[in-house]
Amino acid sequence: MVLTKVRTESGGLVGVLCGDMCTSVFKGVPYAAAPVGELRWKAPIPALKWEGDRLAYRFSPTAMQLPVQTGTFYHREFLSNFPMSEDCLYLNIWTPAEVKTDKLPVAVWIHGGGFQAGAACHMAYDGEAFAKRGVIFISINYRLNIFGFLATKELSAESTPHSSGNYGMLDQIAALEWIQRNIEAFGGDPDNVTVFGQSGGAGSVVVLCTSPLSKGLFRRAIIQSSGGIEVRRRWSLQECESRGTTFLKAAGFSSIQEARKLSAKKLLEYYDTFNPKRERWRIFGPNVDGHLLEAEPIDVVLQGKHLDVDYLLGSTSEEGNAYPPDPNLTAESFREEAMHTYGQKAPLYLKLIGGENLEKLRYVAKHNMANGGLARNVGFCERQAEQGRKPGYLYYFSKRAPGDEAGAFHSSEHAYVFQTFQRIWRPYDGADYDLSNQMCDYWTNFVKYGNPNGNGHPQWTPFTSVSRMCMEFSGRSKMIPVPETEISKFQKQFIYNKIK
Amino acid sequence: MAILHTTTEYGAVAGLPAGNCRISVFKGIPYAAPPTGALRWREPQPPKPWTGDYPAYTFPAMGMQFRQMPGSFYEKENCVNHLPISEDCLYLNIWTPAENVNERLPVAIWIHGGGFRTGTGHASLFDGECYAKRGIVFVSFNYRLNGFGFMAHKELSVESEHGVSGNYGMLDQIAALKWVRRNITFFGGDPERITIFGQSSGAMSVQTLVTSPLTKGDIQGAIMQSAGGLGVSTQRMTRTLEEAERQGADFLKHIGISSIAEARRQSSQWLCDQFAKSDSVFNMQMYFAPNVDGYVLPKAVNDAVRAGWHHNIPYIVGSTRNENWKTFNQNIDYDAFKKDAQSLYGDFTEQFLQVVGANVPENILACKRNEFADHMYAGAAAFCEMQERHSRRPSYQYLFSQPAPGDDSGAFHGCEHAYVFQTLLRSWRPYSGEDYELSSRICEYWSNFIKTGNPNSDGIPEWIPYTEESPCAMEFGRYNTMFPFLGSRIAQFQKAFFLKDYNQIDALLGN
Numbered sequence: 000m001v002l003t004k005v006r007t008e009s010g011g012l013v014g015v016l017c018g019d020m021c022t023s024v025f026k027g028v029p030y031a032a033a034p035v036g037e038l039r040w041k042a043p044i045p046a047l048k049w050e051g052d053r054l055a056y057r058f059s060p061t062a063m064q065l066p067v068q069t070g071t072f073y074h075r076e077f078l079s080n081f082p083m084s085e086d087c088l089y090l091n092i093w094t095p096a097e098v099k100t101d102k103l104p105v106a107v108w109i110h111g112g113g114f115q116a117g118a119a120c121h122m123a124y125d126g127e128a129f130a131k132r133g134v135i136f137i138s139i140n141y142r143l144n145i146f147g148f149l150a151t152k153e154l155s156a157e158s159t160p161h162s163s164g165n166y167g168m169l170d171q172i173a174a175l176e177w178i179q180r181n182i183e184a185f186g187g188d189p190d191n192v193t194v195f196g197q198s199g200g201a202g203s204v205v206v207l208c209t210s211p212l213s214k215g216l217f218r219r220a221i222i223q224s225s226g227g228i229e230v231r232r233r234w235s236l237q238e239c240e241s242r243g244t245t246f247l248k249a250a251g252f253s254s255i256q257e258a259r260k261l262s263a264k265k266l267l268e269y270y271d272t273f274n275p276k277r278e279r280w281r282i283f284g285p286n287v288d289g290h291l292l293e294a295e296p297i298d299v300v301l302q303g304k305h306l307d308v309d310y311l312l313g314s315t316s317e318e319g320n321a322y323p324p325d326p327n328l329t330a331e332s333f334r335e336e337a338m339h340t341y342g343q344k345a346p347l348y349l350k351l352i353g354g355e356n357l358e359k360l361r362y363v364a365k366h367n368m369a370n371g372g373l374a375r376n377v378g379f380c381e382r383q384a385e386q387g388r389k390p391g392y393l394y395y396f397s398k399r400a401p402g403d404e405a406g407a408f409h410s411s412e413h414a415y416v417f418q419t420f421q422r423i424w425r426p427y428d429g430a431d432y433d434l435s436n437q438m439c440d441y442w443t444n445f446v447k448y449g450n451p452n453g454n455g456h457p458q459w460t461p462f463t464s465v466s467r468m469c470m471e472f473s474g475r476s477k478m479i480p481v482p483e484t485e486i487s488k489f490q491k492q493f494i495y496n497k498i499k
Numbered sequence: 000m001a002i003l004h005t006t007t008e009y010g011a012v013a014g015l016p017a018g019n020c021r022i023s024v025f026k027g028i029p030y031a032a033p034p035t036g037a038l039r040w041r042e043p044q045p046p047k048p049w050t051g052d053y054p055a056y057t058f059p060a061m062g063m064q065f066r067q068m069p070g071s072f073y074e075k076e077n078c079v080n081h082l083p084i085s086e087d088c089l090y091l092n093i094w095t096p097a098e099n100v101n102e103r104l105p106v107a108i109w110i111h112g113g114g115f116r117t118g119t120g121h122a123s124l125f126d127g128e129c130y131a132k133r134g135i136v137f138v139s140f141n142y143r144l145n146g147f148g149f150m151a152h153k154e155l156s157v158e159s160e161h162g163v164s165g166n167y168g169m170l171d172q173i174a175a176l177k178w179v180r181r182n183i184t185f186f187g188g189d190p191e192r193i194t195i196f197g198q199s200s201g202a203m204s205v206q207t208l209v210t211s212p213l214t215k216g217d218i219q220g221a222i223m224q225s226a227g228g229l230g231v232s233t234q235r236m237t238r239t240l241e242e243a244e245r246q247g248a249d250f251l252k253h254i255g256i257s258s259i260a261e262a263r264r265q266s267s268q269w270l271c272d273q274f275a276k277s278d279s280v281f282n283m284q285m286y287f288a289p290n291v292d293g294y295v296l297p298k299a300v301n302d303a304v305r306a307g308w309h310h311n312i313p314y315i316v317g318s319t320r321n322e323n324w325k326t327f328n329q330n331i332d333y334d335a336f337k338k339d340a341q342s343l344y345g346d347f348t349e350q351f352l353q354v355v356g357a358n359v360p361e362n363i364l365a366c367k368r369n370e371f372a373d374h375m376y377a378g379a380a381a382f383c384e385m386q387e388r389h390s391r392r393p394s395y396q397y398l399f400s401q402p403a404p405g406d407d408s409g410a411f412h413g414c415e416h417a418y419v420f421q422t423l424l425r426s427w428r429p430y431s432g433e434d435y436e437l438s439s440r441i442c443e444y445w446s447n448f449i450k451t452g453n454p455n456s457d458g459i460p461e462w463i464p465y466t467e468e469s470p471c472a473m474e475f476g477r478y479n480t481m482f483p484f485l486g487s488r489i490a491q492f493q494k495a496f497f498l499k500d501y502n503q504i505d506a507l508l509g510n
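Read top to bottom, the protein sequences are chains A and B. Oh and the first sequence: position 373 is 372 in numbering that gives the first Met the number 0, straight run, nothing missing. Oh and the second sequence: position 322 is 321 in numbering that gives the first Met the number 0, straight run, nothing missing.
Worth flagging that the hints you see were computed from the coordinates, not collected in a lab. Certain hints may be false.
[Unchecked claim] Once the Cα atoms are required to be at most 30 Å apart in a straight line, the calculated DSSO-like pairs of lysine-lysine come out as: (1) B:K75 - A:K102; (2) B:K325 - A:K447; (3) A:K99 - B:K75; (4) A:K4 - B:K75.
Using the sequences and the hints given, assemble the complete structure.
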């Protein structure tokens, strides 16, 4: 009989059986105190203890965020609007363990949403398929946007490490520390933890892998559709502080004390009206603060100072497909964007594009995200090989989703990794089902052993300097040479400082 | 988001989002008072109204039942052996995709099997999400089983206001159906569009319900999976009230209990242990099962179907290719075999034994190996033919032939659950893409039928109803097509016998 009653450091929990009747799930488990009132824009502190047993039957509210518009692509796909609250530091645990001494491997899922939105409870994510394969699955919520990533001088001054703006990341680390202290009670092995995430969640994983604060908290990392090692660099603490101060001024606050008194709803409204929208992900995202991050993640990787853990990473072949194209794209705006991104190297990039045919520019813009994913991941694997690190397992997800023309869009792998086809509107078929079984096996084998292979599936060989191969997930899984393009190569060289 | 909080005639209930957060699930809503203490062996009574929100968050206990042998075939398939059991088991579960109470969505009620002895509505392979996703309100429930649900006794009949006893489990099912009729609008369901479906003894229950005058007008469609119809399974429910009362008395005597009052004082676990042995002690299949009491059932089910007393609604009826061929009792006891045949075929027992070739022990073994597959196919086909003879709307027949992967058990009894409920991922079996596609199609057929009384829609092979002119079943297997299936000689005998086409039996024997 699976564990349904567990004692944590904060108190007792009662979980509920999943549909399979062999897995239990504990939802809405607090891993830190509610970051409200005086705790808004402070590093998370331990959760309050409670008496007796707490019913862990439902997901907590999501972090404060702008609602997803109904009828939009991703709303139809898998995003829903849930109750939200500033009181959001909760995690969810699926366990198949029957006794505390089972010592099962643990996978911690960090949701995406560009540090601005997202939630652990979105329906494409689920722990049952992992639990069925003997893995404990944990998903976490963390502070987002203005709540998770506001930096100002005043905030830096009041904090002990004299930094600010990385609260959402510190939440993630607090969750990982909670898991270290408590997961044994759920039958888990604190020495065999994998962190994985997609999009902004993958960006989070990269930050965790390049932060001195996460040493010893996990052993492996899965990075899906990148995010972290950007073509554009993250901002420094000073830059973020200055933008944060601009935000507070624009909202009419003269001090943090004042801003802390504002209701969460009102604050979200200010965030919504704050411009420029295009830069939000940089203003309200992780910054290089000398505490969480001592240097840009890319520089940490280039110096070989990132965590020496097992890596599995990849992206989809049509990342940008589901985002509406810019209707106002012109040769000029394209050039401007290139300047903005590549600075002095922009002419080289434009030369590579060759010409200003609008059709072509539209095509390039549409594939920019997919190229960027390839660039980051191949570049990362090359560094691993160069530095004599454990070679990375690289994948390229190109299975086109059935039902429309969106193809292998950004996030389309969720239903495969988590085996949640039944919740999605798409008419998935047997080939999708088989691919999903394979991917879930690869993922959970990696979580268990640091090696995705097993179950009689095609052999997945890691990327080395002599074998520049990746696993392609298309109709069926097979190894292919990395499908780099001229543009992705350029981006890779740019990101990894290889352009002379 | 779907309705997470609603009211019922007995009080307010709060549910939780299902895995698919656009669906809500309410688990363990009481549809009757706990049938314990003085209410043991009484018709289900209304539940006590409550104030505040009833937390419908977790599945209730299963009805009192004996545990499957650890490691046994169905223990591995069902994954319920570790779940709690209790006499206090009259609860139902609802999955709804409705966002408000005005939606009036079609409703499907699932009746679990288990030989009227075991089972639960919330076994791991049953689930409402795939139906709710298709716009259907799905209901599953538990009812009283074995001696708790089906023991009749003269004393019990005397104390009953209807002068009957022994059909408590069926009355529980009817109470659940009536509860749904009165309350399902609160969950966005349409009480005028209810389909009931069940497998094995759940299908026998379906057949019983559509034959009972107590449910007239309550049911708009019925699906019977691997039992029910017009055949052996329903023939096992022809015992009269008097017989059932005598069996109850024999049983109490056997366990040394002298009165119902004394029996009511016994612990539920002790009684359950005694009930578990009843079949073998009395050498009779389904010792505790529904009886023809004149109230729930005015007439034996097969007679009622032949007379056209059953509800005139659309039906799906079918079976699996291999049913119990790996799990049958391999004991070759000619006398017991003959005695069982006698109870089913009466004056035609000799003819049956002749068709089997029962003088050769291997033939008895072969007959027992295919027993369920034969009689469930025959029961389905006979029912379909009878529909036509009544000039009723023709029924849809199926044969599920896809062998389950992972061992050699084939298309075993109950193997369709993971397909019907799209729960392949919960099974230990290594299902592949072709199973997934078959599952999607079956769920589509079932959903269409629940919505319109017709399983067909664009994009899936056309399912033609069974007629005498085109006596075809839809095969669910590697090929998903209509095909004519005659059945074995034994099945042909059974079909002829239950249709009372006695000249065909003569023809079969070459007379």
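Quick rundown of the hints versus the structure:
1. B:K75 - A:K102: Holds. B:K75 to A:K102 sits at ~24 Å (cutoff 30 Å).
2. B:K325 - A:K447: violated (36 Å)
3. A:K99 - B:K75: holds (23 Å)
4. A:K4 - B:K75: holds (24 Å)
In this structure, the one hint that does not hold is number 2.
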